[in-house]
Amino acid sequence: GAVVSQHPSWVICKSGTSVKIECRSLDFQATTMFWYRQFPKQSLMLMATSNEGSKATYEQGVEKDKFLINHASLTLSTLTVTSAHPEDSSFYICSARSGGGETQYFGPGTRLLVL
Amino acid sequence: GNSVTQMEGPVTLSEEAFLTINCTYTATGYPSLFWYVQYPGEGLQLLLKATKADDKGSNKGFEATYRKETTSFHLEKGSVQVSDSAVYFCALITTQGGSEKLVFGKGMKLTVNP
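Chains as they are written, first to last, in my numbering: chain A, 11 to 125; chain B, 65 to 178.
So that you can see chain A by itself, here it is in the shape it has in the complex (with noise of 0.2 Å):
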């Protein structure tokens, strides 16, 4: 089936650096990519939407200068946190998917520690 890695799995960093995350579908080109975020017991919120070349669409109430997406190619989607503060401390997964399809093949998440 599809996969999707992300890339780092762990990340700590300190308050007021920027943290980079990688997503990439391995064996599809990814029209579409989904960036989520989870907190402890809470669902995923979508958190912005890209298409391959345009500009990321971004949730109400996500700041887009804060979380910056690029997705460059078909099967590399970044996640920037710029200025990084202790509550942006979260899980973050992203998502795939294909021209045409409706599913979304997940990646295995990465996991923020702002101190």
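Hints were generated in silico from the structure; no laboratory data involved.
One should not assume that every hint holds.
[Claimed, not checked] Pairs of lysine-lysine residues, derived as DSS-like cross-links and limited to a Cα-Cα distance of at most 25 Å, are as follows:
1. A:Lys-24 - A:Lys-65
2. A:Lys-76 - A:Lys-65
3. A:Lys-30 - A:Lys-74
4. B:Lys-170 - B:Lys-132
5. B:Lys-173 - B:Lys-141
6. A:Lys-76 - B:Lys-165
7. B:Lys-132 - B:Lys-120
8. A:Lys-30 - A:Lys-76
9. A:Lys-65 - B:Lys-141
10. B:Lys-173 - B:Lys-124
11. B:Lys-120 - B:Lys-141
12. A:Lys-51 - B:Lys-165
13. B:Lys-165 - A:Lys-30
14. B:Lys-132 - B:Lys-116
15. B:Lys-165 - A:Lys-74
16. A:Lys-24 - A:Lys-74
17. A:Lys-51 - B:Lys-173
18. A:Lys-51 - B:Lys-141
19. B:Lys-116 - A:Lys-51
20. B:Lys-120 - B:Lys-170
21. B:Lys-165 - B:Lys-116
22. B:Lys-170 - B:Lys-141
23. B:Lys-165 - B:Lys-132
24. B:Lys-116 - B:Lys-141
Fit chain B to the known structure of chain A by using the hints.
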């Protein structure tokens, strides 16, 4: 707005026990309904889905029926195995503003003991 409510765990069962995980939804229009499963250390995987009322999704011994009258999509399995230990998410897809969005429940952790 659109939302999914599912029973919260964690739940621990013995092998071969019957499993039901309740899921109800609120949505405008006619959403597609999904169950995703997340095994330890892995990403979410689609378990089964149903796209219209009275459809039954099934996979790996799991079943769920799209009940429009009760706005429910309960997941069932007649005899669970240790390998079914995972977190289960109920979800729906809606089309808002021309784009499809997955809305998830909180997830329920299931542990099956031998």
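Tested hints:
Using a Cα cut-off of 25 Å, the hinted pair Lys-24 of chain A and Lys-65 of chain A is violated, with the two alpha carbons roughly 28 Å apart. For the hint pairing Lys-76 of chain A with Lys-65 of chain A, the CA-to-CA distance comes to about 15 Å; that is within 25 Å, so the pair holds. Of the pairs offered as hints, the one joining Lys-30 of chain A and Lys-74 of chain A holds, with about 14 Å between alpha carbons and a cut-off of 25 Å not exceeded. With a CA separation close to 21 Å, the supplied pair Lys-170 of chain B and Lys-132 of chain B stays within the 25 Å bound.
The suggested pairing of Lys-173 of chain B with Lys-141 of chain B holds, with an alpha-carbon distance near 15 Å, which does not exceed 25 Å. Proposed proximity of Lys-76 of chain A and Lys-165 of chain B is supported: the alpha carbons are some 22 Å apart, at most 25 Å. Straight-line distance between C-alpha atoms of Lys-132 of chain B and Lys-120 of chain B comes to about 12 Å, which keeps the hinted pair within the 25 Å bound. Of the supplied pair hints, the one linking Lys-30 of chain A and Lys-76 of chain A holds, its CA atoms being roughly 12 Å apart against a limit of 25 Å.
Restraint check for Lys-65 of chain A and Lys-141 of chain B: not satisfied, since their Cα atoms lie roughly 42 Å apart, outside the 25 Å limit. Note on Lys-173 of chain B and Lys-124 of chain B: the hinted pairing holds, with a Cα-Cα distance of about 18 Å set against a maximum of 25 Å. Between Lys-120 of chain B and Lys-141 of chain B the CA atoms are separated by roughly 13 Å; this keeps the pair inside 25 Å, and the hint holds. At most 25 Å may separate the alpha-carbon atoms for a hinted pair to count; Lys-51 of chain A and Lys-165 of chain B meet this at roughly 21 Å.
Only pairs whose Cα atoms come within 25 Å are accepted, and Lys-165 of chain B paired with Lys-30 of chain A is accepted, the gap being roughly 24 Å. Annotation: proposed proximity of Lys-132 of chain B to Lys-116 of chain B holds, straight-line Cα distance about 8 Å (limit 25 Å). Simply put, Lys-165 of chain B and Lys-74 of chain A have alpha-carbon atoms about 18 Å apart, close enough for the 25 Å limit, and the pair holds. For the proposed pair Lys-24 of chain A and Lys-74 of chain A, the alpha carbon gap of about 21 Å is at most 25 Å, so the pair holds.
Taking the CA atoms of Lys-51 of chain A and Lys-173 of chain B, the gap is about 10 Å. The hint holds against a cut of 25 Å. Note on Lys-51 of chain A and Lys-141 of chain B: the hinted pairing holds, with a Cα-Cα distance of about 24 Å set against a maximum of 25 Å. Of the supplied pair hints, the one linking Lys-116 of chain B and Lys-51 of chain A is violated, its CA atoms being roughly 29 Å apart against a limit of 25 Å. A C-alpha spacing of about 22 Å is found between Lys-120 of chain B and Lys-170 of chain B, which places the hinted pair at or below 25 Å, so the restraint holds.
At roughly 17 Å between alpha-carbon atoms, Lys-165 of chain B and Lys-116 of chain B fall within 25 Å of each other, so this suggested pair holds. A distance of roughly 20 Å separates the Cα atoms of Lys-170 of chain B and Lys-141 of chain B; the hinted pair therefore holds under the 25 Å criterion. Pair hint Lys-165 of chain B plus Lys-132 of chain B holds up; C-alpha atoms about 20 Å apart against a cutoff of 25 Å. Simply put, Lys-116 of chain B and Lys-141 of chain B have alpha-carbon atoms about 21 Å apart, close enough for the 25 Å limit, and the pair holds.
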